[in-house]
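Chemist: With my numbering as the guide, the letters of the sequence shown map in order to residues 127 to 289.
Honestly, I wouldn't trust all of these hints.
[To be verified] Using C-beta positions, here's what the derived DEER-type ranges look like:
#, residue 1, residue 2, range
1, ALA208, LEU289, 40 to 46 Å
2, ALA150, GLN281, 55 to 61 Å
3, ALA231, GLN189, 53 to 59 Å
4, SER219, ARG194, 26 to 32 Å
In case anyone wonders, no lab produced these hints; they're calculated from the structure. All C-beta atoms in this analysis are idealised placements derived from N, C-alpha and C, irrespective of residue type, glycine included.
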Amino acid sequence: MREFRAANGGPALASGTSTLPTPAQARENSLLEDALSGRPDYTAALRRAAEANISEESPVVRQTRAAREARIDAEVARLSDAVEKRRRERLASDAASAQASQTIAARAAARAACDAQASGVGAGTYTPYSPRAGILGSALAGAMTSSAAEEQARQGCYRAYGL
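Could you build the full structure based on these sequences and the hints that come with them?
Modeler: Dropping the structure here:
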């Protein structure tokens, strides 16, 4: 039932709030998408949206042609400003998201490089057998030396990259 009411312009929720945008909001959203995509007929769409908003505000009121044109021009200016503001906000948000993604990717690449470098250092410092320590002692000492050298190399690399 809620879906039916929402689809037919009625309140969608029991509390009386509607989840659908008003026609004026829908037109403004459409204008924003047109502005972002660079549609060539954006100016004409802006004018049509302003005319629709004015007609929706006062469908019965009689007014002179000059008064109606003045209201439409004012609505065009208001819509243009609102859409331009939202366009700038969206572009700034997209740029910030792209920069954050690049930073995350760069840090992940630096961590991978540091881990690979540290693994190489760890493998180079591992001593598998010492006759004095025996087999088990050699393995334990070699693993500890290797792990310590690997971690030291990893931390040094992280500091160098500022991680």
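Chemist: Run every hint past the structure and note whether it holds.
Modeler: Verification of the supplied hints:
no.	hint	result
1	ALA208 / LEU289: 40 to 46 Å	43 Å, holds
2	ALA150 / GLN281: 55 to 61 Å	58 Å, holds
3	ALA231 / GLN189: 53 to 59 Å	58 Å, holds
4	SER219 / ARG194: 26 to 32 Å	37 Å, violated
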